[in-house]
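**Student:** Each chain is listed here by its residues.
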Amino acid sequence: MVPVVGIIANPVSARDIRRVVANAASLQITDRANIVLRVLAALRACGVSNVLMMPEQGGIRGHVERGVARARAHGDAPYPAIHLVDMPVTGTVADTHRAAAAMRQAGVAAIVVLGGDGTHRAVATHCGDVPIAGISTGTNNAFPEHREPTITGLATGLAVTGQVPAPIAFSMNKRIDVCVNGGDVREIALVDVALVTERYIGARALYRTENFRELFVTFADPEVIGMSAIAGLLEPVARDESGGLMVRLATPAQRQAGTYRTELRAPIAPGMVTAVGVTDWRRMPAGVPFVPEVKAGSIALDGEREVSFSARDRVSLTLRDDAFRTVDVGGCMRFAAQNRLLAGVPAPAPATLSKAAL
Amino acid sequence: MARKISMKQAINEALDLEMTRDPSVVVMGEDIVGGTGSPGEDDAWGGVLGVTKGLYAKHGDRLMDTPLSESAYVGAAIGAATCGLRPVAELMFIDFMGVCFDQIFNQAAKFRYMFGGKAETPVVIRAMVGAGFRAAAQHSQMLTPVFTHIPGVKVVCPSNAYDAKGLLIQSIRDNDPVIFCEHKNLYGLECDVPAESYAIPFGEANVLRDGGDVTIVSYGLTVHRAMEAAEALARDRVEAEVVDLRTLSPIDWDTIIDSVERTGRLVVVDEAHPRCSIASDVAAFVGQNAFGALKAGVQMVTAPHVPVPFSPVLEDLYIPNAPSIAEAARRTLSPTGTSPRSIAA
Amino acid sequence: MTDDLASQGPFPLSRDDLLKAYRIMRTIREFEERLHIDFAKGDIPGFVHLYAGEEASAAGIMMHLKDSDRIASTHRGHGHCIAKGVDVHEMMAEIYGRSTGACRGKGGSMHIADLSKGMMGANGILGAGAPLACGAALAAKVRGDGGVGISFVGDGASNQGTFLESLNLAAVWNLPAIFVVENNGYAESTSRNWAVAVDSYIDRASGFGLPGVTVDGTDFFAVYEAAGEIIRRAREGGGPALLECNMVRFFGHFEGDAQTYRAKGEVEAIRASRDCIRMFAERVIEAGVVSRAELEAIDKEATELIEDAVRSAKAAPLPGPADLLTDVYVSY
Amino acid sequence: MQNERIKPIVMPKWGLSMSEGKITGWLKQPGSTIAVGDDLLEVETDKITNVVEAGEAGTLRRVLAEPGNVYPVKALIAVLADPDVPETEVDAFVAGYAVPKGDDGAEAEAAPRYLFTETPAGTLRYAKRGDGGPTVLLVHGFGGDLDNWLFTIDALAEGATVYALDLPGHGQSTKAVADPTLAGLSAALRGFMDTVGIGPAHLVGHSMGGAVSMRTALDAPDRVASLSLIASAGLGPEINHAYIQGFIAATGRRDLKPVLETLFADPGLVSRQMTEDVLKYKRLDGVDGALRALSAALFDGGAQAGVLHGAVAAAGKPTLVVWGGQDRIIPAAHATALGSNARAEVIPNAGHMVQMEAAGTVNALLKEHIGVR
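Residue numbers (this note's numbering), protein chains in the order written: chain A, 1 to 358; chain B, 1001 to 1345; chain C, 2001 to 2332; chain D, 3001 to 3373.
Keep in mind the hints are simulated off the structure, nothing from the lab. Zero decoy hints are in this set.
To give a feel for the contact side, a few chain B residues facing chain D, derived at Cβ under 7 Å:
(1) S1197
(2) Y1198
(3) P1201
(4) V1207
Simulated crosslink set (DSSO-like; lysine-lysine; CA at most 27 Å straight-line):
(5) B:K1004 x D:K3280
(6) B:K1118 x C:K2314
(7) D:K3128 x D:K3280
(8) D:K3013 x B:K1004
(9) D:K3013 x D:K3257
(10) D:K3074 x D:K3367
(11) B:K1118 x C:K2066
(12) D:K3128 x B:K1004
(13) B:K1118 x C:K2117
(14) C:K2300 x C:K2041
(15) D:K3282 x B:K1004
(16) D:K3074 x D:K3007
(17) C:K2020 x C:K2117
(18) D:K3257 x D:K3022
(19) D:K3022 x B:K1004
For each residue, glycine too, the CB sits at the ideal point set by N, CA and C.
With these hints in hand, go ahead and build the complete structure from the sequences.
**Tutor:** Written out as structure tokens, the structure is:
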């Protein structure tokens, strides 16, 4: 089987209000395109000859195509052939959903994702058991690890070509399913679910804590940024252990009255270390539905307000272990080193796929 | 108290006095402070020719260096003018109007009319004009006619330090946009200038010399050439009346017509190119309104219809000079009062 | 108006302000829909460029502003005017070229201004408002009055040198200037996807050292919240910023535009799925803060207001010959 | 000059800034017999055109300066001599004539033309000429300045210590007029006398300056040795209100020149430069306000507010009144307001600026009245 790697690069991540309120980073389109080129070079070095990319109109594709054409003009062929998912472009997150589903259907061996937690969440919603190789280009990125994309590309290439055995190459991840009024899962979160009392989505990014009441996290890492940092600073929970943590935050009245358990200064957004009052926290076991105490408000998933609900709505949250796969970049590269996978001449390139074959 | 100062000093003094009088006056332009953000001294230049030197020390942040970005800062000056400031923006060389002209002629000039009289734009745009600096085609033009064509802007071009001070003060106090043209070859010229503030009203030409035989109308540097020509003519018993227009929009038609009605002869001297110039404008106006008084064809002495050349030899030929003005005046006194066609069509 | 984004209610605005915002948006919509009809009848001279579909941007931003804050608008300026408080009767009379118009019939649709309301003018020159807004911001900064200057540009005008130079000047001078890119996807008929080389206004802002934020310009609350933070930052001396509102244009570039460059069904689709006023209404009703009846009453009042504005504009006197020559220079 | 029977006529120096003059025309032909006070010729300076009167008698033997030409001050322009002086001697005189220089030039260099002093009424500009003899203080009128005494100051300085000042709001003095009444101006005048150290003085006032002088004589009689009132205000209610209003309102040359022409019997005396100088003054910040304040305080409604002749007549100061018979600002009929308490002289062919238009006559009257020898 000829492995094809999917690439979803979101041009609109890292554009939210946190650039104004918190001096968050803004990764430019050309930088994103250069990341794609670096990933492509790494994939090709590992023997991947075809990639399937999400089309977009944010400018990434044009830069990538110019980079490929320039290399070809030099007589080099350091990049795999690029194919585009045949789909309309809306310029919204719907594109990511559609592309992830299409890639899964096309049978890609892995999906390299450039974006923040939100983009990864969108891909994870649809990727099924296709592993994700995450590259952080967002703002509040708790989920994708910060790493030079070339390494992520190498690890992905080695994994999808079978040079690293799957049990070593891939790892399992948790998620929280959000259900409203029973029925199917409405939304998922990869890192955290925050319940706030305001009833509007607004500028989406969550950066104020006055209306923030409850927090549910899949993992609690004191080294990451965002709302999950509150949990991480209370009681760390690893990515690879079962279950997560739930935290209840003090209302302004409780804070004024002093009736809360502890106060934390947490890095809730880049550059924002904010004091929050915590009334209590406890472990959130996998598979057990939790009903939040907030009766009407909005749900922020991985730091972005997505769903508004009223007192008539019944919201439940359930943490799932082993929910989706990611490329274990560290594991792959350690295996590659131990087994000299990158020694000698590169592996011959398998035949190029035509678009029709996809 | 009057004392002799140069036109450059007079302009500096006008800015200083008005900034002192009125806190809404701000001054901006490229290098008008000089050295902002650079490692050397503050107020390093005070303008590319030092016209604003020393003002930063007195008025601080109300003098603003700008990026080399005329559209943005000229536009900002215009916008600020509609919001209650009285900005003076220095365009350095008037030749640079090309990169910010929209802000001048489509914005500043139009606001009052386009908004039904409800907007005021008290902005002054100072710019050096004129040839003789060996600065070639893009730093030497006399583009006054381009601005006089535009209703809504006022155009000023002083010929001496006294006028420069009084006209600049009037420009700053005026509630319309003013293009204030400073001939760079007049910067060093001194005359008696009162130390106090004074404003010279717009639309009031200055008669520098009385004479009954021929009227010579000019503005800016060529006023001095016209005076030289008048002295030469006087040696031949020809008395020329020399009119310095001082402001080109508004223009003092009455003084021109009064004079021509007495002399019957007119020479218009303009450092701009001949076509659609101040010279042709004055000639046409007199032709339409004082034809009966004319005893000879109106003579125009202008720069030729070519870009300003670089080589000093050529540039000296380019600028209207006293002999050619005197010659033009003599042509009006010749029996036919005509001359060979001197303008390339 | 409220700057208190931290209020603990279900919305960052009071009930009254929600109704006010709705009234602004509804008035703009009625104004534009009516012009669309009357222009087709031949009642209106010249060009008109309609703002329908984009109301959430004007309302979401202007709800944060005082009369002393200045905005420099675009050729598509009716919505900005109404949201900034310009009298609707004067606007309509101006569009009809009457002497009672906001500009006494000398400006027309593309030049409506009311400096007393902080409206520095719609502008027929694309990108020209950006330096002017810098000037307004400079005036506020010199006076130290906490005011802001806001420049609206479309996605097309964001390619103008004036706009890019203004970003730089605002950053260099640290002006309380805000640049709002109203990205409706079309520069006249040309797609922004083709015409804008770096396909992100945020990247352009970053290139000049300004923070930029992209919001869904059809979501009033998204615009309101982001604009609130940006304006507060500017008022506090935090300097300029850029706000990109991604939005939709219900009508053509100008009236009479057959819009053959748009996809089939595109307008119907966005009217069905991205109508900012309907989305606003649904959200506030669903939250139980205001009732549908209250909003319907506002709808009715807006319709009546525009009807009255049209009626009085048509009845208003035309300018006289003497008006041709006035208002060129200040009279002494 | 060794030959006392040959008398040079030279280009006069009128005022402090004159360095040359242009001959506009001779009024006497060569060979004419000339008496003292005869009009000889007209000279135009950049300030004014005026007639040169004969200071000595004789026959006009040579006319050396041509009309239309410009000559420096003190240049020989004509020669008077008795009829019996031989032609050769006259020729020799002309050939040997050297323009005197040195002392006068050096004096001009050493003494500044104008001085400034800080007084309670602000900074005032003044000039001082001459030394010894009686002390004379020249006070100009509304809108005027010390250069109104162009033809007076040097003539009097030949035998007196002469001061001329710019009143507050005028010339190059402070433009703010704290108290625009006659009493206020008089106080400013006395403040000036105090600061500069001027004891009792012969006050010579023109127009409004005459009224200020009268007010001073009433308020501080010990500071005033005598009064010389030239076309003076304060001697009756009438005044040409149109002139006052026109002077205030004029902003340009074309408005102002006709207004200034009403000051003279001969309107041709108002030169381009005189008009320009007044305009330069009027453009200064504060002048308009000062003139309006003075006009409101002194000439409101077109009538003089301060009519002082009764009090002045009673005060008994030696007083000279001089008027131009063609004064169009204040009627010459006011000349006799003081009756027998003053000597009144009306000079027929002169206007309001009589001290300029008939300088020789007025200077002679002043010298006689003050006692300048």
